[in-house]
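*Asks:* Top to bottom, those sequences are chains A and B. Number 206 in our numbering belongs to position 206 of the first sequence; there are no gaps in the numbering. Number 186 in our numbering belongs to position 186 of the second sequence; there are no gaps in the numbering.
Each hint should be verified, as a subset may be incorrect.
[Claimed, not checked] Output of the computed footprint for chain A on chain B, the stretches with three or more beta carbons under 8 Å from beta carbons of chain A:
| id | stretch |
| --- | --- |
| 1 | 33–47 |
| 2 | 221–228 |
| 3 | 291–299 |
Since the hints were derived computationally from the structure, they do not count as laboratory data. Backbone N, C-alpha and C fix where the C-beta goes; we use that ideal spot for every residue, glycine too.
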Amino acid sequence: MNSRLSLLLILLVVWLVPFFYAGLMGQLPVGIYPRLSHQYTAAGLFFLKRSEAWSQMLIQVQRNGMVEWKMLDTSELSPMGAFGYRQRLDRILQETNGKSLAEAVRQRLAVWVAERVKQLHPDQGAVVSVRFGAKVWQANTPELAQPAGHWVPDLPADSPTTPFILLSSFAINQGMAQPIAKPVHVKPSTTKQPVSPIPPVFRRNPSSAPKPNSSTSVPSGVTPNHQFKT
Amino acid sequence: MSSNTECDGDVVRLTEEAGILTTDTILPLEASPRVTSNWVEFLVGDTDALPLRVFEILFTSSYLLWMGRCVMTWQEWLTGSGFHLTDTELTAMGYPAPFELLSGWGVLWLAAGIGFAGLAHIRNWGRRLALLALFASAVYVQGVDLMAAFSLNKLYVAIYGILLITPGFSRDAGTGRLRVSALAVRVIQATLILQYFASGLAKTFRGDWLKYSDVLYTQVQGVYRTDAAAWLLRVLPVSSWTGMQWMTLLFELEAPVLLCVRKLRFIALLIGISLHVMNALLMKDLIFFSAQMCTFYALFITAEEYRWAWGSLKRLVG
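Modelling step: build the complete structure from the supplied sequences, incorporating the hints.
*Replies:* Okay, structure coming up:
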């Protein structure tokens with residue numbers, strides 16, 4: 001019985017207490033071996049915040065001799081789903097976005113995308129440029145609050161209310177990706193779309209409005225939701 | 001072993017016995033041997049293994065379901081065909097370095113190993129060896145591709161680890177029934193309770209759940225939105241989402257009481273399972289996490305209740 005009580009005490013100290021603490025605070029108070037500390041953060045990390053907006057990562061390619069950019073179906077490139085209507089590749093783009101390593105990851109990914117597209121569609125011409133962008137969908141707008149059906153991952157590239165925000169662009173040459181010097185932001189449409197009035201219960205006191213999420217650089221002034229830790 | 005602590009070990013009953021809940025009694029620093037013995041029995045004493053067996057079967061079934069879903073895209077997930085972040089990139093993002101990827105044959109061996117170990121665990125064949133294999137596989141699949149791993153992966157690692165190191169089953173000579181130390185049961189029960197409670201507190205103090213009435217409403221509009229969620233968004237008044245938000249938060253904060261007090265446990269099961277079913281219906285692919293969480297409830301049903309339910313079912317079927 002003593003050995004069982006000792007084991008209970010060990011499990012209390014090494015599992016239950018840190019698991020509760022990490023769930024409550026988001027991380028352990030002291031730095032420990034990363035693989036172990038990562039293990040504890042399973043509770044209380046997701047769906048904490050109001051989603052002011054939802055972001056969507058996009059990949060576009062330009063083929064040899066073509067002027068227009070073609071939006072890629074990420075589920076074709078990356079058939080493994082993350083939670084929700086997102087693919088594993090979306091998660092990679094989302095989690096690296098806004099971090100110092102984002103550009104290097106996208107550069108490496110651009111080469112992989114060009115190669116993958118060539119494998120999937122060998123008859124459609126070589127990919128000469130790959131660019132990454134994002135769209136941010138405001139919550140409580142008709143598109144999101146009164147939707148016809150489930151989230152559509154491949155929404156039109158240039159919806160007036162959600163302009164395409166260019167993040168990085170690369171020229172592909174002989175299996176190498178070269179950044180195209182200055183990212184050019186796609187000009188958003190000036191057409192104002194009707195937005196459903198916010199019900200009184202949801203009207204917010206401006207002083208208590210949430211601050212923009214510092215972990216992402218995609219939107220300006222909105223907090224896109226990119227929770228994956230389900 | 002005292003019979004009143006068997007199988008279930010109701011906290012309230014024990015604390016009442018110990019005098020903790022009575023206003024005129026102060027628990028002495030040196031508790032009486034009977035009280036200490038009851039607590040020890042409750043925490044680590046032998047108990048009927050049926051609830052743990054049911055939990056193990058359901059938990060491993062949910063693991064096989066999750067692995068089955070992941071392995072459908074094995075090339076992207078486990079081999080160099082997919083795009084993978086490097087050690088340096090993952091470390092810079094605060095993740096541990098990933099494990100080595102596999103070849104096609106390696107994936108086949110892994111899938112076969114998980115399948116056999118899962119089946120063995122479900123059938124209670126070579127339990128310890130099966131648990132070791134399941135634990136090792138859970139550690140590997142979580143660590144090999146952190147962009148395809150989520151909270152449910154962490155819980156598979158933790159729970160298989162707990163089952164692996166805690167005492168195994170023995171057979172009662174008199175009844176022939178399986179018995180097990182309550183240790184694993186109590187730790188896994190506590191894991192669920194703390195999961196809910198930490199989540200509720202985090203929503204309350206670190207999150208927006210008390211600041212805004214439309215947290216759930218805005219959550220359900222996004223990338224998780226299923227057709228069912230879209231339909232509910234169209235037909236339900238917004239105030240009903242506020243109601244669901246408060247109900248969810250209240251349940252998480254009250255989970256320790258609802259799950260520990262025997263008379264309230266049925267309510268906890270009803271609300272908790274309904275909550276996870278709703279999550280699975282309204283949010284795409286959350287069915288895997290919901291299924292995993294629901295399996296924990298198997299530990300809050302007593303052996304007697306299982307036998308009563310099984311007897312009733314047999315009588316119904318004839």
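*Asks:* If a hint holds in the structure, say so; if it does not, say that too.
*Replies:* Verification of the supplied hints:
no.	hint	in the structure
1	33–47	holds (count 4)
2	221–228	holds (count 7)
3	291–299	violated (count 0)
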